[in-house]
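Colleague: Chain by chain, the residues run as shown.
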Amino acid sequence: MRGLRKHFPVRGGFLLRTRAWVRAVDDVSFHVEPGETLGIVGESGCGKSTLARLVLRLIEPDAGSVHFAGEDVRAAGPARMKRLRRDMQLVFQDPYASLNPRMTIEDAVAFSLLVHGSPRAEARERTASLLGRVGLDPLLYGRRYPHELSGGQRQRVNIARALVLDPKLLVLDEPVSALDKSVQAQVLNLLQDLKAERALTYVLISHDLNVIEYVSERILVMYLGHVVEAGTAEALACDPKHPYTQALFASAPSMDPTRRMERPPILGDPPNPIDPPSGCRFRTRCAHVMPRCAERIPPPIAVARDHHVACYLYGDHVTAPAPAGVTTA
Amino acid sequence: MAIAVAGSVVTAVAHPPMSYWRAVGWRLRRDPITLAAGGLLALIVLAAVLAPILAPHDPNAGSIRLRLAALGTADHWLGTDEQGRDMLSRLLHGGRMTLLAGLTPVLVAFVVGTVLGVAAGFVGGLPNHLIMRTMDIFYAFPAVLLAIAISGSLGPGLWNTLISLSVVFIPRVVRVAESVTVQVKSLEFISAARASGAGIGQIMRHHLLANVLGPILVFASTQVSLSIILAAGLSFLGLGVTPPAAEWGLMLNTLRGSIYVNAWVPALPGVAIFLTSMTFNLLSDGLRDAMEIRS
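Chains Z and S, in that order, are what the protein sequence lines are.
Residues 1 to 329 (the working numbering) are what the first sequence spells out, left to right.
Residues 1 to 295 (the working numbering) are what the second sequence spells out, left to right.
One chain only, chain Z, in its complex shape (with noise of 0.2 Å):
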């Protein structure tokens, strides 16, 4: 796999037909590297759910393209579609949702080897020693149904499910946020063991900060359908570059008590991405705001090796002084 690339301007939705578009994806661009955990990280409403689905082409992008060890994803035909959908597999946000509620354990493991003509006796095996892999011993668990099961058991399933094509790149969409915090750590330290066992390469959705740290190599953030920031886990965190990514980490509750916060870092919601304001997305509720922020959209610009900032602050452009940090005194 060398890499996945796409673009999309504009993604319709579909309330009112064309009259109005919500534009959940905007012209995002990234790649992933084998092996590596690529983190997308932002607030709630901000196009990650859907940028996961339009890498796995559940959806189709209205433009852009997705590429998957160098082949055009968006040009592969029915049968090709069905051979790639083996090596990109996502685990979903809600345990309650993605599980069939009349379908036993075993058998929602299995239905996708079957899917791929793999026979019966087969395929029951592989799904008892992944079940047994992912924590859930097949021969207590496997005939149950998921309204049995608590919520992380159903995430380990979910796992479970998607492993069992061996897929190179999995797409996780909030896998553990909604769980408990205890569980949360069991389950991404199984999900960091698999990484590592089957050398499988990772996209985390979430938008908790902790999260996205804990398990990530680079980190891309989001804000209304736009990449803010992008750059390794290390640079992000200790010298975030935009005024959204900085309070961002700010807000992340801390253990250190001298980095407690007095204000809260960013005021109000986001705006309504079905009109979203000219310019930079961010500059309603930017505490650097400038005149030129409304004008056009700010490019991204290299601040570091393999660190891009989208926001007039930096690079060439720079007419103010860079901002201190937001909260952190």
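The hints are simulated quantities; they were obtained by calculation from the structure and are not laboratory data.
These numbers were taken from a predicted model, which means no experiment stands behind them.
There's no promise every hint is true.
Residues from chain S that face chain Z, not an exhaustive set, calculated with beta carbons under 7 Å [unchecked claim]:
| hint | residue |
| --- | --- |
| 1 | TYR20 |
| 2 | GLN183 |
| 3 | LEU187 |
| 4 | PHE189 |
| 5 | ALA192 |
| 6 | ALA195 |
| 7 | SER196 |
| 8 | GLY197 |
| 9 | GLN202 |
| 10 | ALA210 |
Cβ atoms here follow ideal geometry from the backbone N, Cα and C, with glycine treated the same way.
Once you've looked at the hints, dock chain S against the given chain Z.
Modeller: Just chain S now, with coordinates in the frame of chain Z:
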């Protein structure tokens, strides 16, 4: 295997996990009201089916000398009607007609409505709008009015009753089927199935239908009692089964004038209609409760 898993009330009894429909049956058998309703309904259906054997008299043979005999008359335990025909025989034979006219339209509506509704919900977009708005046109009329209008224009007769009642019930089933389908379709396990490369047929068969049929079945079962009442109502108005034949609604109509002479005999077909539709209602309530296996 018999280890109870925490967090589940049902499995705490320590029984091996069972399939969904077996679990539903298990719960139905533990519900006394549903069980009683089911037993009564079985008796009614059995009586109707075996009417030719059970009926002591020819339901159409009257006797001028024995008109409107009271309940408990020797040889006519449930009395006779205004033409001296044995009420018990007529009730038994009438039950066949009423049950047939009540169940068939719902069955037809269940099949046709499920196909249309699931297709509309699954495909979405323009086909959905076409199907659903067409159904809305039928839905705009009150059920009784629509049944009378169609039956009236087609003329009396059992077949026409079945047709008009099917037309009444199809839109209702379509509506329920469509909304359930749309709701289930948006759940993540459908996306997960698509992400694993399953085709539309596989998703339909394994993921959609299994989750959609239950609620549609429950809804359809609630409509049976209404259908029975409507079928009887059409006969009562002279738009259903034609006179010599026995049918509860028709019997109610022809005996109507005799209510001051002998109040008990005219009430019998009404009691039969009431009991039958009541048992169907209780049964569908029980079915709905039993099928709600969610934590």
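Colleague: Taking the hints in turn, state whether each one holds.
Modeller: Verification of the hints:
no., hint, result
1, TYR20, "6 Å, holds"
2, GLN183, "10 Å, violated"
3, LEU187, "4 Å, holds"
4, PHE189, "5 Å, holds"
5, ALA192, "6 Å, holds"
6, ALA195, "5 Å, holds"
7, SER196, "4 Å, holds"
8, GLY197, "4 Å, holds"
9, GLN202, "6 Å, holds"
10, ALA210, "4 Å, holds"
Hint 2 from the earlier list is the only one contradicted by this structure; the remaining hints agree with it.
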